[in-house]
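Listed here are the chains, written in short residue letters.
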Amino acid sequence: MQLTLWTYEGPPHVGAMRVATAMRGVHYVLHAPQGDTYADLLFTMIERRSTRPPVTYTTFQARDLGGDTADLVRTTVAAAYERYRPEALLVGESCTAELIQDQPGAMARGMDLPVPVIPLELPAYSRKENWGASETFYHLVRAMVASQVPAPGTEPPARDPGRRPSANLLGPSALGFRCRDDVPEIIRLLETLGIDVNVVAPEGASPSDLGRIPAADFNICLYPEVAYTACAWLKRAFGQPMTSTIPIGIGATRDFIAEVCALAGTDAEAALQDAAARLPWYSRSVDSTYLTGKRVFIFGDASHAVAAARIADEELGFTVVGLGTYSREFARELRQAAKHYGVEPLITDDYLEVESQVAALQPELVLGTQMERHVAKRLGIPCAVISAPVHVQDFPARYSPQMGFEGANVLFDTWVHPLMMGLEEHLLGMFREDFEFNDTAAPSHLDGESPPREALPETSKPAPAGDDGCDWTPEAESELRKIPFFVRGKARRNTERFAVESGIARITVETLYDAKAHFGR
Amino acid sequence: MNGFPAIQPGPPVATGCVDTEVLRERGQREVFCGLTGIVWLHRKIQDAFFLVVGSRTCAHLLQSAAGVMIFAEPRFATAILEERDLAGMADCNEELDRLVHQLLARRPDIRTLFLVGSCPSEVIKLDLAKAAERLSLSHHGRVRVLNYTGSGIETTFTQGEDQCLQALVAEMPAQSATEPSLLVVGTLADVVEDQFSRLFEAMGIDRVAFLPPRSATALPPVGEDTRVLLAQPFLGDTARALLRRGASLIDAPYPFGVEGTLAWLRAAGRDFGIAGERVDTVAAAPAARARKALERYRPVLAGRRITFLPDSQLEIPLARFLATECGMRPVEVGTPYLDRQVLGGELELLGGDTRLSEGQDVDLQLDRVRVDRPDLTVCGLGLANPLEAEGLRTKWSIELVFTPVHGFEQAADLAELFARPLIRNERLAV
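Chains as they are written, first to last, in my numbering: chain A, 1 to 521; chain B, 522 to 951.
Keep in mind the hints are simulated off the structure, nothing from the lab.
Do not rely on the hints blindly, as some may be mistaken.
[As the list claims (entries may be wrong)] Here chain A is said to cover these stretches of chain B; the calculated rule only asks that three of the stretch's residues, wherever they fall, bring their Cβ under 8 Å from a Cβ of chain A:
1. 544-555
2. 600-607
3. 611-624
4. 636-648
5. 669-675
6. 705-715
Keep in mind it's a predicted model, so treat the numbers as computed, not measured.
Glycine included, each C-beta is placed from N, C-alpha and C at the ideal position.
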């Protein structure tokens, strides 16, 4: 058993719903008790989709358990097919149905429906949402291209030189973070490179569209959390190459262009100099100097977290002080990145562990999911959301991709916005006694969003700081309070560390400044 | 149902909904399970913690149903069953004990811990009653451990509260007094509780207690002199458990709207031998104020057609309020289940031409909504936006359990909840 307050991922059948909901012409029959229909609201409320997810639940009850729940599956499948007439039918079960072992998938297959029936076996007690989405997409793709798989060892046919190269964009799904805007951004980018988009899936695709996937020259694995399994299989089965770069950030977008052009055999130069990319100049302009070395903590799904670390480090001049993910499937990639930035990788789906890391590190900016937004709010640290899971406000009305050059512009704005502006930060440091510059003063452009500092004293739980046996003199405490609140936690932590390391039991004003001199800013 | 007077304005009792045929359906149900009640119960009972023993789905439901996550650390969590628990590699009871120790170490403020059963824990027959007994012993003097089920195979939405309160009933001390006392049952906003307390006091009922209490360690006593007055219509099992402890149930409609609240107070007064005139005198000022406040929304609501999809079990009393006090015309009133023992009085007051449905087959029900095209459809969160996109105005039913809506002072607020989508529709030019 695992004690959980909030979860980063839902159960695997929710992942299957994300694929089914993204597509057209697919219906999903889910063997599940009453209550599991809550998942519909993720799509209709949080993502504001205007149609119900294409899911029919069997809704079994306790009184059915002694009787024939299997029959309930058969009648539900038949009724759902009659009503929705899908091109393909997914059949699976949620956690409770898994325990009663009706095997709805096999049962539905035996019903001789005139459309492909794809049974989904998604173990709910060992796997989670992204894995469920990935498996579902893989099985759907596999079912729809099964008849086209060439004999092993067959060389993929060479492209007709008269035809433009083409690629599939794989991975965008319902509830995916900014998939809606990333896809048009990448399609536009490919257009400038002279590459056609063959199929985008699962978002917007029908089962017959999936059948056309093998016609493309290569696959763009845009969201590995959903598409990697399918892309890897397509590579094995059809010899279709796949990309590995996620085009989030300037550097990554340039690498992506180079990778895609190498696969397509086209010239990358034209696209590499995109005038729409404002991030490089904004970051080099003097106003951004104050961003230098800002300590940033990053947590999210592996793809977004790793991409964010590179941008923070190379493109904004921040210092990555923490990097983690809840995607165990991609822990290797994250560990590699963490090693590069010289930080300990945090691979966990325990929100409390992430919270205590943030509290201990006292970063100046948190980039995370909706969970880290709440953590940061509690700790009074500025935060921007970079990854699912997210709330309704992270499906903005405006166009705001994360990928490509425009995506980089959006990221610059989104990450810099929560921070105090440079001169304001200086003034706060200089004139601490000003009655309007109190601890609850928020950045002046974020009116009314003052951080709720009083909710969590700096030294109380969950930060272990202050419990090291250090004692502060009243003078040192009062000197500490003259430091602006957004760096005070770090100052306190550094001073206490310095005191412990130097064997100082009682922290004086002198110790405070000795520590400052020792650690630098 | 007898004992309380007909409510004006409203149809005569004889033409009520009592004998109308009920449309019973069985199919996909678009309702929450009983775990959802934790979202408000954990705020109401401030020293209690709710530990769901279930799956990742349960945890995901709770955080999704909570809408936005609560700023403070929640007083609920999920003990997620994993493969090794099911495969017998780990002993579920030992694992549960370990987690409870972990939890109590982290939250020393917990005085009452509810182990909440879920679909998976029911199916694997994990005996949470036994676990609660064991844990109560091992944490004796510090924490009382209780259990109830919120599983979707046994409970819908608000039935979770019914199960939780039933668990509390077993813990209530026996009443030794010989003087009658009033027990108001059902989660109410603190402000509403205080309003009712003042009214009862002015009526001359001094001994009033509320279930659930704000602190689970301050459970009111129960005995033969306890008179139970239900504030929520989904607490049939709790009411019956109280009856088994010797209490008696006061027949009353529910305190929604001016007339509903008045009848509710009168029923209590009658049970305590208080003259109707005295109740009317006490209620006169707030009732008059509430009627006046309601007038503002009547023009928006009167004549409009409304359908309730089954959800919170509040559907029947709310439809009664909207029909009799706001002039709305209920087209279909769906309820997850019909408990005639606690809803009989309300049925009499609901118009006879209303289609009453019990249970759900959501596809068929939505087909009827599309044919009926009511002015307002009250439904769960999963259905609201799709219906809006079809041009139908909706009201989220979940707000009705999260908002103070009982009593005189909230009667207009309750009407406003239904008026707002209609007013908004009039306003918008996009």
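Verification of the supplied hints:
no., hint, in the structure
1, 544-555, "holds (count 8)"
2, 600-607, "holds (count 7)"
3, 611-624, "holds (count 8)"
4, 636-648, "holds (count 5)"
5, 669-675, "holds (count 4)"
6, 705-715, "violated (count 0)"
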